[in-house]
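A.B. asks: From these two lone chains plus the hints, build me the complex, please.
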Amino acid sequence: MMIPRIIPVLLLSNKGLVKTHKFKNPIYVGDPINAVKIFNDKEVDEIILLDIEASKQNKEPDYKYIEEIASESFMPFAYGGGIKNIEQVQQLFRLGAEKVIFNTSLILNNHLLREAADFCGNQSVVASIDVKKSLLGGYEVYSHIKKKITGIKPAELAKQAVASGAGEIMITSVDNDGIMQGYDLKLIEFITSFVNIPVIACGGAGNLKHLREGIQQGNASAAAAGSMFVFHGKHKAVLINYPTRKDIIEIFN
Amino acid sequence: MIGIIDYDMGNVGSIKKMLQKIGVEAVITRDPELLKSADKLILPGVGAFAKGMQNLAQLNLINILNELVLEKKTPVLGICLGMQLLTTHSEEGNVNGFNWIKAHTIRFPEKGIRIPHMGWNNIKVSNDNILFNGLETDNRFYFVHSYYVQPENILHEASSTEYILPFSSAIYKNNIYGVQFHPEKSHRFGLKLLKNFVSLNTL
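Chains W and S, in that order, are what the protein sequence lines are.
When the first sequence is numbered by this note's numbering, its final residue is 269 and no position is left out of the sequence of numbers.
When the second sequence is numbered by this note's numbering, its final residue is 205 and no position is left out of the sequence of numbers.
Bound conformation, chain S alone (with noise of 0.2 Å):
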């Protein structure tokens, strides 16, 4: 089963529902009883970082999510604001994140380009990664968002893709995935990612 982290930051349906088309069984909680009986993780997210973490820590969930990630190694994927919440910090509202990949979660800059970064986009594999596996060179992912992240160690960089700058556009560290964009809106680009997610062997 999937636990999809309920933490009142938007939009969790869409995934639920593409993961009930992929055919496997989630549920959307933020009990940590359900949440430690899953086989993986997903942390969705839209909205502001400083409330993201606010709100996790008022269901008293990020005691329970650091045991389950970085003790049992529950494999989680943080989604959009959900991949930043995985940083050490962000500079939206100046607040610290899971820190479960140490990297930093930065504003783009003002180059006269509109911001945010809403639209379908190409990612480009950096590092040889399960996430993407059977991904094609011509693919398109949808992504809205204003702040990108930059890991520290370039290895943990997933996946490269270009907007004002190149950023990292997916993240990952041994049992934990980010990524930037929306699969659950990305047709078959991001069923085929939600796949390879929830396929991945559990030890």
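Just chain W, with the same shape it has in the complex (with noise of 0.2 Å):
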């Protein structure tokens, strides 16, 4: 039986492990490699770790560090963040990557998805697609570089992207992000139903409820999250937890 993907993602900014609240205020919460490596024991389906500085400082990935912690993930490892060319692209898949995320890039232009797409198949090309509500209330792509909206609608960037050789769409809520009250499933139910390969919910999630609810209604392919599993209890202390298998499946039946 296919269970959805539950992932947990790691933002990362300087080395260290951070979570923010509505893409502002990163607090730190600890060591990546040590989360990576808690995680793995936990036997996690598969983990997004997103360099979320690398882009506005104009850096590449730090290949050093993104090699430690493929060391230590024996499951799909997505890394995003600053990646601007081809040939960084197939160092990060040499290091252990199992898929490319590109945000950044999806704005500005997208031969670098297709160029990535022909290099490891779509399977491995991840667009990134950050949302946040206008003033108007309409859904447009938000960009963290310029921390601001850009005017591109959301739709239309997923089916440029799609076209562009992208096998995956990672589609989070700005406005949800760190609430932990649940998705944004009119936005993620919309997503879903422009594109027919897979999308990964993220902004939000705050309990095994809201995983089903990205999941079952707005019809994503995998559930994805931060705080939920990087907090704990109402006093948000920091501790890296995943759900059990168990509990998994049960919520899913």
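Hints are computed from structural coordinates only; laboratory data are not their basis.
Label-pair restraints from in silico Cβ distances:
(1) S/Ser-201 x W/Glu-76: 33 to 41 Å
(2) S/Gln-60 x W/Lys-250: 54 to 62 Å
(3) S/Glu-112 x W/Phe-210: 13 to 21 Å
(4) W/Lys-38 x S/Leu-157: 54 to 62 Å
(5) W/Phe-210 x S/Asn-203: 50 to 58 Å
(6) S/Ser-148 x W/Glu-84: 31 to 39 Å
(7) S/Leu-36 x W/Gly-154: 56 to 64 Å
(8) W/Gln-197 x S/Leu-167: 36 to 44 Å
(9) W/Lys-38 x S/Lys-104: 53 to 61 Å
A quick note: this is a predicted structure, and the numbers were derived from the prediction, not measured.
Note that CB positions come from ideal geometry on N, CA and C, so glycine has one too.
C.D. replies: Written out as structure tokens, the structure is:
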């Protein structure tokens, strides 16, 4: 039986693991390598690592660090942040990444997605789209570099990403990030009805029920979360956690 | 030493990492001499079938691999696209493979279920096989593929998995093994499988 993937998203900022709130106020939650080790021991389905500073500071991926992380992860490991050319993509695969994630370069241009897909196959290319509600309530693609909405329509960018060779789309609600009150299901459902490739729901999940909603109501293929897997209890104490296999199977049955 | 065949078809680093964890020496190479000196071979690969065969041809690896696998009987494990390349023919690009195991690589039918088959799924052992020694029934492996393999002789099916339809998730014949899933990305289940493969007795 196929159980949807439950994916911890780890945000990397200057070699520290951080967690944001609506894409702001990153707070330090620990050492990423240690966190990956713990997630590996917990046999998580997949892991996503996003360097949220690399593009902002115009830096390359931190290969040495990524290699250390990859050597601890015997699960699919996806990396995003600061990837600007195909040589960098190739280097990431040599180090053991399973997928590469494009966000900023998707907004800027998309020939890099095509080049990456030609090299490693569509299934290893993830297009990450951050979405924020505009003042008028419509959805717009958000740029974390410019810290503002771009005027681009998420569905248009998603379609463009598919045409450029993306094998998966990760859709993140900026407004729900770190809130832990559930995904923006309207947004997730909208995107999944628009594209026929797997969609990863992200932004807002706080419990198992939310993950199920993302899959069953949003029609996402995978449910991702940050806060839920690094915080514990109502005071949000830092604790790396992941549901047991039994809990996951139960929630989806 | 395990020779991981390097023919520019995606991710090979993670296979080497898992072999290191097991404690066996592995090299990622396209050097015929090194491949000849390997006790066992791994043919990895993600991406398109036609490009895979084309790259192997351009690197002059096809004759060497035929010789090592068919004459010298070096054990070989094909992973994902690597498994599909062991077959006679693929619908993807309408191209012939190594034909080491008589089998066909076929696209999943469109039945309103998302393709690729991406994620964790269970395997059921069909014909008892050293690869699956010690495998728990409550197992799971990581899959990513849009085409599946159908062996002509059902005795060559090592395991089956269900997605859209039941398909052969692993095949084998003599010294030749293929798995559709990624053992190197499948936690302790994949680790056990690779351990079984590297500890095969070679004559």
